[in-house]
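Starting from the structure of chain A, add chain B where the hints point.
Chains as they are written, first to last, in the working numbering: chain A, 1 to 235; chain B, 236 to 470.
Derived by calculation from the structure, the hints in this document are not laboratory data.
One or more of the hints may lead you astray.
30 Å max Cα-Cα, derived DSS-like pairs, lysine-lysine [claimed, not checked]: (1) A/87 to A/206; (2) A/159 to B/302; (3) B/441 to A/67.
Take a look at the letters that make up each chain.
There are 2 protein chains.
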Amino acid sequence: MPSSIKAIFFDVFGTLVDWRSSIAREAQQILEPLGYALDWLAFADAWRAEYQPAMEEVRGGHIPFCKLDVLHMHNLEQILPRFKVGKLDAATRHNLNMAWHRLDAWPDVSRGLYRLKRKFMIAPVSNGNISLMVALARRNDFPWDAILGSEIAGDFKPKPRVYLSACEAFDLKPAQCMMAAAHPNDLVAAAACGLKTGYVSRPNEKGRAAEYRAPKETFDISADDVEQLAGKLGG
Amino acid sequence: MPSSIKAIFFDVFGTLVDWRSSIAREAQQILEPLGYALDWLAFADAWRAEYQPAMEEVRGGHIPFCKLDVLHMHNLEQILPRFKVGKLDAATRHNLNMAWHRLDAWPDVSRGLYRLKRKFMIAPVSNGNISLMVALARRNDFPWDAILGSEIAGDFKPKPRVYLSACEAFDLKPAQCMMAAAHPNDLVAAAACGLKTGYVSRPNEKGRAAEYRAPKETFDISADDVEQLAGKLGG
Chain A
1 MPSSIKAIFF DVFGTLVDWR SSIAREAQQI LEPLGYALDW LAFADAWRAE
51 YQPAMEEVRG GHIPFCKLDV LHMHNLEQIL PRFKVGKLDA ATRHNLNMAW
101 HRLDAWPDVS RGLYRLKRKF MIAPVSNGNI SLMVALARRN DFPWDAILGS
151 EIAGDFKPKP RVYLSACEAF DLKPAQCMMA AAHPNDLVAA AACGLKTGYV
201 SRPNEKGRAA EYRAPKETFD ISADDVEQLA GKLGG
Chain B
236 MPSSIKAIFF DVFGTLVDWR SSIAREAQQI LEPLGYALDW LAFADAWRAE
286 YQPAMEEVRG GHIPFCKLDV LHMHNLEQIL PRFKVGKLDA ATRHNLNMAW
336 HRLDAWPDVS RGLYRLKRKF MIAPVSNGNI SLMVALARRN DFPWDAILGS
386 EIAGDFKPKP RVYLSACEAF DLKPAQCMMA AAHPNDLVAA AACGLKTGYV
436 SRPNEKGRAA EYRAPKETFD ISADDVEQLA GKLGG
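One chain only, chain A, in its complex shape:
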């Protein structure tokens, strides 16, 4: 790998944290005592399924940029009736929405980030807002140098501005930065902006039952987890 790389940027949902089982757990903890018995993983999947369409409203210029927390709340209100969850009070809805601040990392992530930080600047370049990224970092011990991504850029990935604003914040050219993600479309968009790409496979992101397919695209590095990525980058 070229020694010119100075910074590694990370996708977060799916790549670093297991949103699916975390959201299922949090939803169960909040809603079960209220008498609801949902398919909690299906609830997590349904909530996540609203993620791209909601961001597309912003990316397309139909609504102004807002924090992902705001979109998550909007999406939550869309799916609750589908799961026959009646009117929740504002505090309960807020607590449920904050489940996205309480996601657990895959077990390799913190150790891998500490290794990478010795050699590179590291930052999340996620669609999540700053406070969400801080909450996940504090919960899971992610030693970020800075929180970059959508809230700095005022737009959502895969719009070029998000990747480019991260490079600019660190005074780096795109070719000096690597985007690391479990999602090929994120990496393809980063590569189109000139960034290097690191694929981190997370076959369990959508559950063991889901059929995982290795990406057909090629990336500068592919790794099974963040510790292996650190090893391949000499960190």
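Below, chain B alone, put in the same frame as chain A:
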């Protein structure tokens, strides 16, 4: 102190890092081998003296917002002729300007920040740009949760937007945030936005010879250093 405080924001130049002796040292290391023998502390003072007037151009809307690194370079080019330093090549000027990325912290800062981080979210709210803040954090082991401040706000302190954008990034009301600084005017501006204030005295910021005067304003907390601030905040 009210237990409602969730985040502590820090001024950096002077409050956390000793810009004066660091800049003098860096300038000497770069310029002395080229045959210059300046009063290095006077050079640091002269460079710093251009700081507020340059930012005032931005705050007043006369020039667009830019990173502090850019203003530092402009200011450097102003003062070099005054010290009879001839034409430096671009790499040397850049290296000299990057002296601001190599400032040393006062000895209490890293330990104090680690203590505060156990209880509060912590971030710099400085006029320095993100890459400058990251460089100082990596050099001095500042465990920031995020890098907030001028580059997020698109303006310079003491403009209200800088303090308020930091609170908003953390989803907090101003009264849930404390601004900590060695400079009364910074704290007065933060208090006008509704933030709590923590004064950290740095009588040696401008050298031992300079006459230090305790501020006449009163603040929510006053401390002799960041460790004492942590102790007073129960961290």
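Looking back at the hints listed earlier, which ones does the structure fail to meet? 3
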